[in-house]
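Asker: The residues making up each chain are set out below.
Number of protein chains: 4
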Amino acid sequence: MNTLPKQNLQGRNSQLVEQEEQRRDLGFGTKLGDTYSRLINKDGSFNIFRKNGTFWDQLNLYNRLITIKWLPFLGLVLVFYLIANGFFAVVYMLAGAENLQSTSDQSFYGPFWKAFFFSSQTLTTVGYGHIAPTSFLTSIIAAFESMMGLLSFALVTGLLYGRFSRPSAHIKFSQRSVFAPYLDVNAWMFRIINARSHQLIDVLVEVTMSRMETKADGTKHRNYYSLSLERKKVTFFPTNWTLVHAITNKSPLHGCTPEDLAESDTEFLILLQAMDDTFSQVVHRRYSYRYDEVLWGHKFRPMFDSGQSGIVNLDLEKLDDTEEVELN
Amino acid sequence: MNTLPKQNLQGRNSQLVEQEEQRRDLGFGTKLGDTYSRLINKDGSFNIFRKNGTFWDQLNLYNRLITIKWLPFLGLVLVFYLIANGFFAVVYMLAGAENLQSTSDQSFYGPFWKAFFFSSQTLTTVGYGHIAPTSFLTSIIAAFESMMGLLSFALVTGLLYGRFSRPSAHIKFSQRSVFAPYLDVNAWMFRIINARSHQLIDVLVEVTMSRMETKADGTKHRNYYSLSLERKKVTFFPTNWTLVHAITNKSPLHGCTPEDLAESDTEFLILLQAMDDTFSQVVHRRYSYRYDEVLWGHKFRPMFDSGQSGIVNLDLEKLDDTEEVELN
Amino acid sequence: MNTLPKQNLQGRNSQLVEQEEQRRDLGFGTKLGDTYSRLINKDGSFNIFRKNGTFWDQLNLYNRLITIKWLPFLGLVLVFYLIANGFFAVVYMLAGAENLQSTSDQSFYGPFWKAFFFSSQTLTTVGYGHIAPTSFLTSIIAAFESMMGLLSFALVTGLLYGRFSRPSAHIKFSQRSVFAPYLDVNAWMFRIINARSHQLIDVLVEVTMSRMETKADGTKHRNYYSLSLERKKVTFFPTNWTLVHAITNKSPLHGCTPEDLAESDTEFLILLQAMDDTFSQVVHRRYSYRYDEVLWGHKFRPMFDSGQSGIVNLDLEKLDDTEEVELN
Amino acid sequence: MNTLPKQNLQGRNSQLVEQEEQRRDLGFGTKLGDTYSRLINKDGSFNIFRKNGTFWDQLNLYNRLITIKWLPFLGLVLVFYLIANGFFAVVYMLAGAENLQSTSDQSFYGPFWKAFFFSSQTLTTVGYGHIAPTSFLTSIIAAFESMMGLLSFALVTGLLYGRFSRPSAHIKFSQRSVFAPYLDVNAWMFRIINARSHQLIDVLVEVTMSRMETKADGTKHRNYYSLSLERKKVTFFPTNWTLVHAITNKSPLHGCTPEDLAESDTEFLILLQAMDDTFSQVVHRRYSYRYDEVLWGHKFRPMFDSGQSGIVNLDLEKLDDTEEVELN
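Protein chains in written order, with full-length UniProt numbering: chain Z, 1 to 328; chain S, 1 to 328; chain L, 1 to 328; chain B, 1 to 328.
For the record, the hints were derived by calculation from the structure and aren't laboratory data. Keep in mind it's a predicted model, so treat the numbers as computed, not measured. Just to be clear, a hint being listed does not mean it is correct.
A pair counts as met if it fits within one copy or between any two copies, since identical chains are not told apart.
25 Å max Cα-Cα, derived BS3-like pairs, lysine-lysine [to be verified]:
no., residue 1, residue 2
1, K69, K299
2, K250, K318
3, K299, K51
4, K299, K220
5, K172, K318
Just chain Z, with the same shape it has in the complex:
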């Protein structure tokens, strides 16, 4: 520990510190200020590349196996099953495939396949027994393999349950947001639906606008503005929900032109939180509209009508239906 004169930490009242504490920051930091690229991808991930992580942290196996789609997942299970059986078949052959007794004549498909099928019957614990280990070595390998089989199976059970029980919300966002007239002003709007039939409750939406701004000294900084919404929370979410940011004179969008949005690399960052009614789990979704995903002078067409039966019909396909309209 060095003892320079400056190491007495003389605190001081600082205006700059207080200003910095007020600055809104979602966590992207100021250093991203000089980058013209979207912050949040359409799937909700961040547009940032991470390097030099450790292998296991990068792989992040469990999360990946939980979040990949069903077809690749089942494919992986099958591939793993084939490789495991192939591996053990080779091990049994090294230990002497003739030490796998057969109650029937199976010589016609050769020792590898005999060992392979024996392995599959051991790994899955089917164990017909028409092929069975007779030597000490093949017996001990089989004992080990059956234990591995149980473990693998326990793993797959856990993964399947994890995949199923993972909190998820199939919320669909309209492909584009719009600038439309709203009451006696204009508003920026987008629309969401709950694509699934089970309920979400206490749905909460926050919108932050990010844009590049030039300071007096000519340096560029990415600034963040919270956009007020007509309604930021609903208790129930049975139909569609149009989120509305009215452009009053307090709005940071007040006075903007399409060119402004493009030049300042404007991006609307959306954070949605909801409660899944079946499992009482909180679900989060991220989404973003960039300046080129905004329609000027369009409004959303209604998505539902009351049928003859008196019951309201919601047509999920009309999510992206818009029509041109003149702005106020």
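Based on the hints, put chains S, L and B in the right spot on chain Z.
Answerer: Chains S, L and B only, in chain Z's frame:
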């Protein structure tokens, strides 16, 4: 991107925007204003029909398998088991049922049933081995089927656990709510019990009244009013709980007649939240009383008495016990 | 719907309604006012008897299987296993035990045990195959039993996981609470420890005093008072924690004698909430001290000392160590 | 119950009580005041030794099996498997190993290994059947063992799933914290990254400084001070995050020298809370920097640069990169 003159977003101070922000909305929206039908069904689902969803979202398989009753669930498992075995029996027959070796004479029930029983012994990984695959083709099918068996079983394990561990509260609502005298005024009341013996804590109830109202211009709108409760939260819920909305001069029910409630299609929407003590899970319940499920001038009879032993007895069958009473 | 003149709900400003809204109630209700018995048992359950519930709700199978101790649980599993095998053994005998082929002579222990062991080998999917079904009937029963076996096993897996993952906190309360001197006044105190070695964080304690009071008109009511604590929340809970309610002139205990507590059937109700650090689950505990579980003029002895190594030693056995002391 | 004159609990207004209620305490208590040792270890556990706990509470089996690393865990499973098979092998030998029929000549590895392999085939429910129980005694043992096998397997499934689904955050803290210039003052800083690729949201950090202080009467007490942060919460955490406590004149670090920190045994206690985006689970982390883990006059080097592609590159290996700098 078009550049009409109106695309400069001139913000303006707007009274209408502020009014709209104040309007109470549970998430049903204003468009439901012209429908005379209940909003929330007795089972807590919403009275809205959704069309044109994608197949998987409509099916919503996991949620459905988790929430259907036990008998249909077990029936589905049995049907799936029979179909799977039937399917594989046919596949084995195509591959040559004579390639399933038998250590005993089972010809008397024919090749299909031999293949069917072999399939069931493979799928469940019992694998007695008195029937066993001898050809390459039947062996590879059996290897695949046993893997499918493990996966299906993993799935059923996950489903069973999901069914069991799903947060649920068997809260029973009295069949009808009542208008009864309360202290020196009248009140709208309903009563709930915890039907199960395990505890719920921090039970919170919110009641919203929905009714159709006619504006000055003759258009009809569905409006929502929060009803204040004598007590909206209890820490413990060991006995019954009578929820009371006192009709003071601040109540939106002030001055109503039975005819008023019927004409305005009045519905009392109830949202209950509680904490399951065993699993520390939050549970939600929705319920609703429509205008024709309200008894005027009735009061609830007590549900418990202190026995000789000094311990309080709660009689769960008396939930719906009411008697006539004169209103204040 | 009857239309008496009184059915116009004239709301009125009511003082009584406002008073009732202020009254503290944990959820036990006013009706329990005339019972002299403890409200919360030592295990945290409520001292209330519930009758006439439906069979399944009373049984509450899953919760019971999750919360019973390990020995009865494993005993139940064993009994279920024996009964299931006994049942299927009888079914196989009805279908003809001679249709269970044997590759070895097992006649010496008779057809019932042959069927019983075959059943056990089917239910657990071991399926050695030295006993195997040969008739159509025994084959179909075995196919069904092996499916039942998988389901039962899935169930047990779910139950075991449920038992393990259930949020639980082994918090031990001192057997008695004490009245001891505290700073320049007296205080009511009790002491808790975390009996397990894994951490609890954000531990929050609330204490409510319940006592019977006689109104001016001679009727008895059970009233509830919140007791202020020196510290009601700690972030970490690595050692013991002595909860202290200082008896200042604002305390409802101000001026009480031991006789007062006994006569008014005083009970201290404790609600504890904590966060389990391993699973990030919220845990709740209820506890209660009745008037006869309070020591007057005793104080707790310290539970820890700093060893030579500089590391603090906490002796969990000293939880109930008290010594006499004169009150202020 | 004794009735000394002092047992009338005369409450009194007390300044000392009010002061005590104001004192900040994380839950370590005042008694730790005279110990010079770190409070929180680098792995987040507390530096406290607990003795005389009950065996099961000390063992805390489930938590330990959930939290140990993968290699020891799999090792334990293997050891348990070998011991269980060894145990049952001995039991079968006591019941007569000749009562395990063999369809092939396996005498060459003796009765123990025959019983051992039979046991392994029973425990895993493989059940080839080339070894099978023939006597009543061996049959009943095998029936019991196969049930135990299913239970053990259910247990391992639960443990594996518990290990996987346990909320965890691989947050890495910089090895040392620094005193660096910050705006027009100095600041104490440390830096964290999310080592895994899946997202954490709503990350919240609290820092408490603990130091030994000498009272007027010469006694030593450990006091706790909350340190204000430039930003204590971020919504997203995609890159690195430097936590900054600016040393203004309000900071408890105001005027400190390195010698002061060492003498007062200063420790910076950090509590981090975040929401895992995949499972919506809350995660907690504890960390601490002691006075000798602080670099004076060093600052962190940036961890990321914008590549040619416009996408930001975050280099996780640069977490501990600092360079010397002169303090303000």
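Asker: Now look at each hint and say whether the structure bears it out.
Answerer: Hints, one by one, checked against the model:
1. In this homomeric assembly, K69 and K299 never come within 25 Å of each other (Cα to Cα): the closest approach is 34 Å inside a single copy and 44 Å across copies.
2. For a Cα distance limit of 25 Å, the shortest separation of K250 from K318 qualifies neither inside one copy, at 32 Å, nor across copies, at 42 Å.
3. In the homo-oligomer, the alpha carbons of K299 and K51 lie at most 25 Å apart only across protomers (22 Å), although the nearest pairing inside one protomer, at 43 Å, exceeds that limit.
4. In this homomeric assembly, K299 and K220 come within 25 Å of each other (Cα to Cα) only across copies, at 24 Å, whereas the closest approach inside a single copy is 34 Å.
5. Taking CA atoms no more than 25 Å apart as the test, K172 paired with K318 passes inside one copy only; the shortest distance there is 12 Å, against 38 Å between copies.
Checked against the numbered hints listed earlier, the structure breaks hints 1, 2; every other hint is satisfied.
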